[in-house]
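K.L.:
Below, each chain spelled out in residue letters.
Number of protein chains: 2
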Amino acid sequence: MAYAELTAPKRIILTPGPVEVDPRVLRAMGTPILGQFDPAFTAIMNEVMDMLRQVFQTKNHWAYPVDGTSRSGLEAVLCSILEPGDRVMVPIYGRFGHLFAEICERYGAEVHTIECPWGEVFEPGHVIAEMKKIKPKVLAMVHGETSTGRMQPLAEIGRACREQDVLFVVDAVASIGGADVRTDEWYIDALVAGTQKCLSVPAGMAPITYNSRIEKIVLARKKVERGIATDEDRAYPRSMRPITSNYFDLGMLQDYWSPRRLNHHTEATSMIYALREGLRLVLDEGLGARFSRHKLHEKALIEGLLAMGLSLFGDPVHKLPCVTCVNIPDGTDGESVRHMLLEEFGIEIASSFGPLHGKIWRIGTMGYGCRKDNVLALLGGLEAVLIRHGVKVNRGEGLQAALDVYQSEKTKSIVLK
Amino acid sequence: MAYAELTAPKRIILTPGPVEVDPRVLRAMGTPILGQFDPAFTAIMNEVMDMLRQVFQTKNHWAYPVDGTSRSGLEAVLCSILEPGDRVMVPIYGRFGHLFAEICERYGAEVHTIECPWGEVFEPGHVIAEMKKIKPKVLAMVHGETSTGRMQPLAEIGRACREQDVLFVVDAVASIGGADVRTDEWYIDALVAGTQKCLSVPAGMAPITYNSRIEKIVLARKKVERGIATDEDRAYPRSMRPITSNYFDLGMLQDYWSPRRLNHHTEATSMIYALREGLRLVLDEGLGARFSRHKLHEKALIEGLLAMGLSLFGDPVHKLPCVTCVNIPDGTDGESVRHMLLEEFGIEIASSFGPLHGKIWRIGTMGYGCRKDNVLALLGGLEAVLIRHGVKVNRGEGLQAALDVYQSEKTKSIVLK
Chain A
1 MAYAELTAPK RIILTPGPVE VDPRVLRAMG TPILGQFDPA FTAIMNEVMD MLRQVFQTKN
61 HWAYPVDGTS RSGLEAVLCS ILEPGDRVMV PIYGRFGHLF AEICERYGAE VHTIECPWGE
121 VFEPGHVIAE MKKIKPKVLA MVHGETSTGR MQPLAEIGRA CREQDVLFVV DAVASIGGAD
181 VRTDEWYIDA LVAGTQKCLS VPAGMAPITY NSRIEKIVLA RKKVERGIAT DEDRAYPRSM
241 RPITSNYFDL GMLQDYWSPR RLNHHTEATS MIYALREGLR LVLDEGLGAR FSRHKLHEKA
301 LIEGLLAMGL SLFGDPVHKL PCVTCVNIPD GTDGESVRHM LLEEFGIEIA SSFGPLHGKI
361 WRIGTMGYGC RKDNVLALLG GLEAVLIRHG VKVNRGEGLQ AALDVYQSEK TKSIVLK
Chain B
1 MAYAELTAPK RIILTPGPVE VDPRVLRAMG TPILGQFDPA FTAIMNEVMD MLRQVFQTKN
61 HWAYPVDGTS RSGLEAVLCS ILEPGDRVMV PIYGRFGHLF AEICERYGAE VHTIECPWGE
121 VFEPGHVIAE MKKIKPKVLA MVHGETSTGR MQPLAEIGRA CREQDVLFVV DAVASIGGAD
181 VRTDEWYIDA LVAGTQKCLS VPAGMAPITY NSRIEKIVLA RKKVERGIAT DEDRAYPRSM
241 RPITSNYFDL GMLQDYWSPR RLNHHTEATS MIYALREGLR LVLDEGLGAR FSRHKLHEKA
301 LIEGLLAMGL SLFGDPVHKL PCVTCVNIPD GTDGESVRHM LLEEFGIEIA SSFGPLHGKI
361 WRIGTMGYGC RKDNVLALLG GLEAVLIRHG VKVNRGEGLQ AALDVYQSEK TKSIVLK
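Line order of the protein sequences matches chains A and B.
Under full-length UniProt numbering, think of the first position of the first sequence as 1, with each following residue one higher.
Under full-length UniProt numbering, think of the first position of the second sequence as 1, with each following residue one higher.
For reference, chain A alone in the conformation it holds in the complex (with noise of 0.2 Å):
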């Protein structure tokens, strides 16, 4: 059987990722590859580094991807740092935050978890109690949870982890490229993110950062493969305990991406393109304006959804800016709307998981994606499909709302000039 070219049909994404990639990055994928070892491409592996660093706003020396999707970043810096018996705190307030205790389970670490409701970010007070109490080498919390819409303040925990000597390990995946995250500012040893969300790159990426604290760790542990190893490397001190994988050693990375090159994986050239030109629209954006862009597109996304008359779920005071959690109408086949949404529309966006399947939407306004023609067309798209499912929305007033925000932004920005 001879298979077609490939095609797909075009869609407005706006699940909370993989979210649409901007055409630049498209087109940078393009782009013959190079040799691994070439002096090009070295040289473009250290610009997404600095690049890296500078949307990290960290001066910490490692920033590098890890070459899978966003959760082998995780499993990277956790599977790098503990050993088994190592203490693990993990304050749990969403889906994500379970994968942090599993991967620190399994590579047989003593995990404490604390929980709050999905909805809801812990009080930071409340965290440094328990920590005080429970001693971890290692607290491993989330900024930006997905399944539940939820951005946790880090600041205060980074500066008590300090203080405690705590590694202070954060899940930025959702948050980075359209929240503010701050690695040194808020004293975060190890921060692991994504490309396929405000980054608007492919999945297959997790960018990471970490200190010299983590480093040290890394460094201890240090194996090289015996295949390439000289006999300084063979005469290294190393414990008695490697790290368990050869695929997410940082110590094998971190030769891979310093000026030695020893040669671990062979890096993943296209994704490497397009994570550089992610972040160089990033940083041509500019943070602060990319951050005000998100705000503005939540809050237009939000005031159609109210005056259109549904309701918004969780804490709103600690909304992750790029992903807005619409509770479901009592009575409304979630997943039938969101079917009927992506055939007749061509729009998608998510439903969650654990306790929250079935009760709530989310939508993603991330990145590239995070644009008014996405927002408009999705209020106008989910008033039809709401109605053809009985449910009782103010017609029109959506729309409107939503259009009075970017009318008054526009306002705004006239009398600002």
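Take the hints with a grain of salt, since some may be wrong.
Identical chains share a label here; the pair holds if one copy fits it or two copies do between them.
Claimed, not checked - In the EDC-like style, the derived pairs of lysine to aspartate or glutamate whose C-alpha atoms are separated by at most 20 Å in a straight line are:
#, residue 1, residue 2
1, K295, D284
2, K216, D255
3, K223, E110
4, K222, D233
5, K10, D22
Honestly, the hints are just simulated from the structure, not real lab data.
Assemble chain B onto chain A, guided by the hints.
P.N.:
Quick look at chain B alone, frame taken from chain A:
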């Protein structure tokens, strides 16, 4: 500092990977992405599985990519079937045998290695006799060893594994798409491939396949993430030893690649597009025709190199068709030759690892890069660079010999028609 748009010099990449990506694959990557649960995307995922089965020459149900570079596939298979203390046998005839051993050791297996000199392969009877003594749970073996340019015959060893109830795990990263790989006929239980070599897709995915013997082990260790588990998942009987890696847990990966589509990672959309197109082009050319093409250009390259006065490294009977290893002439600085070839001619060839570093060059003729114009460009450029390095070569003879091969092939084709 503002960054310029991405630019990359045009190269002829004749290393053993990554190699030139087919322009049709680059174009496919430019297709706008789809959401991971969009029916249009899951249909593409199913097509990729089906195409992989054909390329792997298997009837296995499971055939899908791991989202990581080639070694991620090796680690995914091994960590999913090995428990601490399990006995593994690894016959090593180059760098990537050491990698097999290292991954298994890290996961706590009891690893037994046998070695033969780099440049040779094992006599199957010898491997089988050792296996009968060691009685491993798993025999892990490299099919195409890029570090030495050799290809290990596997059929007899596979049959013996099945007879002895040993799991046969094969690294076919370098051979897939360039030489015959018969998963089922050779009784291979799990096979790992790579994208960046003879498939001519960028690095970043590791297509794998495995049969029900492997799946049985995986299912017994199955674990569903707490954030998304149903009561049924929690009731599933499971061993006390879940797979250590979350990212590489084949049980979770196959749930994601099954109709259940249970969320694990976010599939790397653009790389799936690339893989689909790469596989489509392999199947369109036809496996037999593709392998013949690799043999033809290998022949032209070898004849050219020999006519120039160079000699080849390694056992000629078991040469990997897509990698040609050349002895660096005595007194010649191999790295200086490589650099000049890259800088003046834009042609990249590789050195090797460990005991072969500085002793051989490795020339890859893989997939899309395996073409007449590339072979001729290399022979012309290499001759000029060698002359500049004071090496005595038979001037002009290399290209003449290669042209002879191509012209006699043309005559043959005409006669056959």
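K.L.:
Are there hints from earlier that the structure breaks, and if so, what are their numbers?
P.N.:
none
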